[in-house]
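Using the sequences plus the hints, can you model the full thing?
Protein chains in written order, with my numbering: chain A, 1 to 114; chain B, 1 to 704.
Covered stretches of chain A, as calculated for chain B (at least 3 residues, CB under 8 Å):
(1) 15-29
(2) 52-61
(3) 90-98
Here are the in silico distance ranges between beta carbons for each label pair:
(4) A:Arg13 <-> B:Gly595: 31 to 41 Å
(5) A:Ala14 <-> B:Leu414: 56 to 66 Å
(6) A:Ala33 <-> B:Pro463: 31 to 41 Å
(7) B:Asp596 <-> A:Ala14: 26 to 36 Å
(8) B:Gly595 <-> A:Gly74: 35 to 45 Å
Simulated from the structure, these hints should not be mistaken for lab results. Backbone N, C-alpha and C define an ideal beta-carbon position, used for all residues, glycine too.
As a plain string of letters, each chain reads:
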Amino acid sequence: MGVIVTMDVALERAPGHTLVTVAGEVDLATAPALASALSEVTEADGPLVIDLTEVAFLDSSGLSVLLQARERLGGGGVVRLVATRPAILRVLAVTGLDEVFSVFPTVGEAASGS
Amino acid sequence: MSPPSRRTAEGPQPRESGSGAEAAPRAARRGALHAASVAVFTIVVALALGLTIASTVSISEAKQRYLDQQVREVSSALQAAVAAIQQPLITSSRIASKDGVAAFRVSAQAEMPPFSSMSLWRVANGHAVLITVVVPPGGPPPALLDDPAAARRFIASVPASSELTVTALFGLKVRGLGYAERLSPSEGAYVVYGETSLPLNPFIGPEPAGSPFAGLDFALYFGRAQTLPTLMFSTVSLPPKGRSTSEVVPFASAVVTVLSVLLGRPPGALPPWVPFAICGAGLALALLAAALTERLVRRRESAETEASERGEERDTQRDIAQTLQHALLPEEHPTFPGVEMATRYVAGVTNLDVGGDWFDAIAVDEHHLFFTVGDVSGRGLGAATVMGSLRSAIRAYAVQGDAPAEVLRKLDGLVSVGRDGYFATVVCVLLDVAAGRATIASAGHTPALLVTDRGPSFVDAPPNTPVGVVGPRAPRSVEVQLPAGAMLLAYTDGLVERRDQSLDEGLESLRSAPVDWHGPVESILAGVVEHMVPGGAHDDVAILAVRRLADAADATDEEAAATWVLRARQAFTRDRDEVPAARAMVLEAVPEATGDVRDALALLASELATNASLHARTSFEVAVRCDDAARRVRVEVTDFAGGEPTPRTPTPAEPRGRGLRILAATASAWGVDQAPGEPGKTVWFELGLEGPDSQGPKTPSVTV
Numbered sequence: 001m002g003v004i005v006t007m008d009v010a011l012e013r014a015p016g017h018t019l020v021t022v023a024g025e026v027d028l029a030t031a032p033a034l035a036s037a038l039s040e041v042t043e044a045d046g047p048l049v050i051d052l053t054e055v056a057f058l059d060s061s062g063l064s065v066l067l068q069a070r071e072r073l074g075g076g077g078v079v080r081l082v083a084t085r086p087a088i089l090r091v092l093a094v095t096g097l098d099e100v101f102s103v104f105p106t107v108g109e110a111a112s113g114s
Numbered sequence: 001m002s003p004p005s006r007r008t009a010e011g012p013q014p015r016e017s018g019s020g021a022e023a024a025p026r027a028a029r030r031g032a033l034h035a036a037s038v039a040v041f042t043i044v045v046a047l048a049l050g051l052t053i054a055s056t057v058s059i060s061e062a063k064q065r066y067l068d069q070q071v072r073e074v075s076s077a078l079q080a081a082v083a084a085i086q087q088p089l090i091t092s093s094r095i096a097s098k099d100g101v102a103a104f105r106v107s108a109q110a111e112m113p114p115f116s117s118m119s120l121w122r123v124a125n126g127h128a129v130l131i132t133v134v135v136p137p138g139g140p141p142p143a144l145l146d147d148p149a150a151a152r153r154f155i156a157s158v159p160a161s162s163e164l165t166v167t168a169l170f171g172l173k174v175r176g177l178g179y180a181e182r183l184s185p186s187e188g189a190y191v192v193y194g195e196t197s198l199p200l201n202p203f204i205g206p207e208p209a210g211s212p213f214a215g216l217d218f219a220l221y222f223g224r225a226q227t228l229p230t231l232m233f234s235t236v237s238l239p240p241k242g243r244s245t246s247e248v249v250p251f252a253s254a255v256v257t258v259l260s261v262l263l264g265r266p267p268g269a270l271p272p273w274v275p276f277a278i279c280g281a282g283l284a285l286a287l288l289a290a291a292l293t294e295r296l297v298r299r300r301e302s303a304e305t306e307a308s309e310r311g312e313e314r315d316t317q318r319d320i321a322q323t324l325q326h327a328l329l330p331e332e333h334p335t336f337p338g339v340e341m342a343t344r345y346v347a348g349v350t351n352l353d354v355g356g357d358w359f360d361a362i363a364v365d366e367h368h369l370f371f372t373v374g375d376v377s378g379r380g381l382g383a384a385t386v387m388g389s390l391r392s393a394i395r396a397y398a399v400q401g402d403a404p405a406e407v408l409r410k411l412d413g414l415v416s417v418g419r420d421g422y423f424a425t426v427v428c429v430l431l432d433v434a435a436g437r438a439t440i441a442s443a444g445h446t447p448a449l450l451v452t453d454r455g456p457s458f459v460d461a462p463p464n465t466p467v468g469v470v471g472p473r474a475p476r477s478v479e480v481q482l483p484a485g486a487m488l489l490a491y492t493d494g495l496v497e498r499r500d501q502s503l504d505e506g507l508e509s510l511r512s513a514p515v516d517w518h519g520p521v522e523s524i525l526a527g528v529v530e531h532m533v534p535g536g537a538h539d540d541v542a543i544l545a546v547r548r549l550a551d552a553a554d555a556t557d558e559e560a561a562a563t564w565v566l567r568a569r570q571a572f573t574r575d576r577d578e579v580p581a582a583r584a585m586v587l588e589a590v591p592e593a594t595g596d597v598r599d600a601l602a603l604l605a606s607e608l609a610t611n612a613s614l615h616a617r618t619s620f621e622v623a624v625r626c627d628d629a630a631r632r633v634r635v636e637v638t639d640f641a642g643g644e645p646t647p648r649t650p651t652p653a654e655p656r657g658r659g660l661r662i663l664a665a666t667a668s669a670w671g672v673d674q675a676p677g678e679p680g681k682t683v684w685f686e687l688g689l690e691g692p693d694s695q696g697p698k699t700p701s702v703t704v
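Spelled out as structure tokens, the structure:
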């Protein structure tokens with residue numbers, strides 16, 4: 001069909017944490033690609049910071065992938081989200097996931113965990 | 001070898017067309033010359049002949065003039081010669097009479113030549129007596145004296161007059177002329193006689209330059225007879241080789257015959273070949289002119305024949321086309337309770353083939369009328385066949401209850417511009433007569449005209465590609481409200497398209513047509529046709545108009561509150577890539593949603609599409625409706641699988657069901673519709689367009 005949704009995922013291993021930067025739209029069509037990228041991250045890589053700053057759209061399909069990653073890595077503050085857009089913050093709030101994940105306004109804050 | 005031609009009546013191959021009866025006179029006509037060609041030939045030949053004759057006459061007259069002129073010159077030279085001979089004779093005779101014979105002899109001596117001899121005679125009582133003869137030394141005696149008796153008779157017969165008497169002396173040894181002059185009696189009784197000699201061979205050739213006869217071609221005969229013995233001399237050989245004329249002219253007391261001969265061309269005359277040239281050229285010209293005329297006449301004749309035959313063919317073909325067209329169109333549209341309907345088909349004046357325009361109206365059930373107007377590209381049997389199949393298919397889909405957009409979607413496989421070379425523009429309208437709701441889907445068709453109390457305006461239906469052209473998305477439709485008395489008019493583009501104006505001008509002309517929009521539908525159509533295509537349509541035109549009557553409106557109190565207007569409807573496959581497409585389609589259908597509302601709309605649409613994609617067996621359909629008055633949007637997603645979605649309290653480990661939680665939290669209203677006994681369900685939500693909706697359920701908290 002005529003609509004092409006693009007999503008970019010970049011994985012970067014930094015000292016003390018792993019940064020996954022996501023951009024574009026995350027939905028049923030692109031969720032598998034995000035899941036695939038996140039599956040490369042192991043517990044040994046330290047805290048996982050997922051930067052959603054450039055994500056324009058996120059629905060339940062994307063939320064499910066984030067939750068699956070959190071489950072696999074052991075939960076409890078291991079996966080930290082960076083988000084500033086109202087649409088993303090709202091969907092996190094609506095689903096209560098803003099309390100499941102730690103949500104930070106910047107990557108720096110998320111990396112330091114404070 | 002020239003290839004066999006249809007124009008050759010007796011070609012190596014039989015004529016392919018034309019009955020024998022028709023071919024025979026045509027062949028005969030080709031064989032015979034036309035009167036016009038014959039006339040042209042005759043006229044030109046006559047002109048040429050006239051010119052030939054005129055030139056011939058002119059040449060002949062010039063010759064005759066020359067000959068006559070030559071005669072006159074010879075004659076006047078002869079007169080001069082006579083005078084030159086007479087004068088010395090008179091002088092000598094007077095000297096003899098006055099001064100005696102001795103003086104005569106002295107005088108006569110001085111006069112030779114031209115005389116070869118002179119003699120003096122006395123005549124008395126009818127007797128002539130020779131007195132003396134003067135001959136130059138060594139010269140011959142006068143030939144006259146060869147016969148003394150005859151000589152005396154001749155001298156005695158010389159009259160006393162001013163005229164010189166001449167006699168011819170043509171013998172074997174001598175040829176000459178004798179001249180005698182007798183003075184009047186008062187001057188004495190003497191006769192003076194002189195002789196001149198003529199050449200023995202009369203053919204003397206051209207006269208020398210100093211001679212009075214120089215340059216003249218002639219022969220002189222003594223007397224009237226033209227015989228060799230009487231021939232004095234000739235400058236040409238005889239008989240003459242050229243044209244000649246003879247004339248008897250006086251010569252002293254006798255006559256001579258002048259034969260004037262023309263050698264060569266007289267000066268100033270046309271060359272002798274001119275008449276032949278004129279004649280030959282004239283004949284050639286006549287043939288050429290006749291051939292040219294013949295060709296022109298035949299060409300014109302054949303053009304006239306062809307034009308008349310083509311005219312007949314056109315008429316016949318147009319009749320056939322119209323008959324076929326009417327056979328393909330519905331004989332009578334159904335009468336439907338609550339509506340007033342009229343149709344019109346105007347055949348294009350310039351087209352001979354059957355066209356691809358059509359209209360149709362189908363009663364779906366007692367409340368729903370489905371009508372359509374369409375136009376297959378191109379003309380001829382192919383276009384008519386495509387039209388027939390599209391019409392039948394639309395009928396079938398309409399009767400089974402398909403919505404207009406769905407009908408258009410299903411038509412897509414029936415015709416393909418790539419495969420068949422045809423495509424069609426169609427407008428499909430499903431009119432809920434009781435509710436006054438018209439669902440309109442247009443596949444590249446000219447906009448339908450909606451006439452309400454506020455006047456005529458065009459329906460702005462979502463643009464879909466024509467049937468047969470692959471489009472980027474499934475067809476969409478629009479819903480318009482048709483109040484009691486309102487009318488929808490659908491038509492094909494032949495009504496509004498002109499070569500000399502833009503489509504917009506044509507549409508405006510239709511919208512502002514001077515007709516009574518609230519009069520009978522039949523007369524509205526008559527007025528519209530009269531206004532738009534006064535001289536007959538250039539292209540075919542099909543028109544269908546439906547007015548919802550006031551009676552129908554009365555029965556719809558219950559539905560009167562229905563204000564949802566369909567913005568778009570589209571089908572999607574269950575492919576997961578269709579989810580963003582469905583989301584985009586919803587956002588596109590509601591451009592007035594912005595900011596947070598737009599985010600919410602995208603999220604909800606995505607959740608419903610995701611849900612349908614996961615549950616549907618094959619495809620799902622998304623419909624977007626708006627209630628513009630209440631500023632609300634309603635999105636319906638229908639899958640074709642059973643079962644009702646159940647919102648469950650999701651756990652982090654159990655992702656499914658979270659979408660419905662989002663739905664419940666974000667939408668201002670939502671629900672699931674499922675018709676009993678039918679597979680599939682419709683999940684829908686409504687959202688206020690003004691801003692964040694506070695009426696929805698509060699966000700449920702999720703506990704870990």
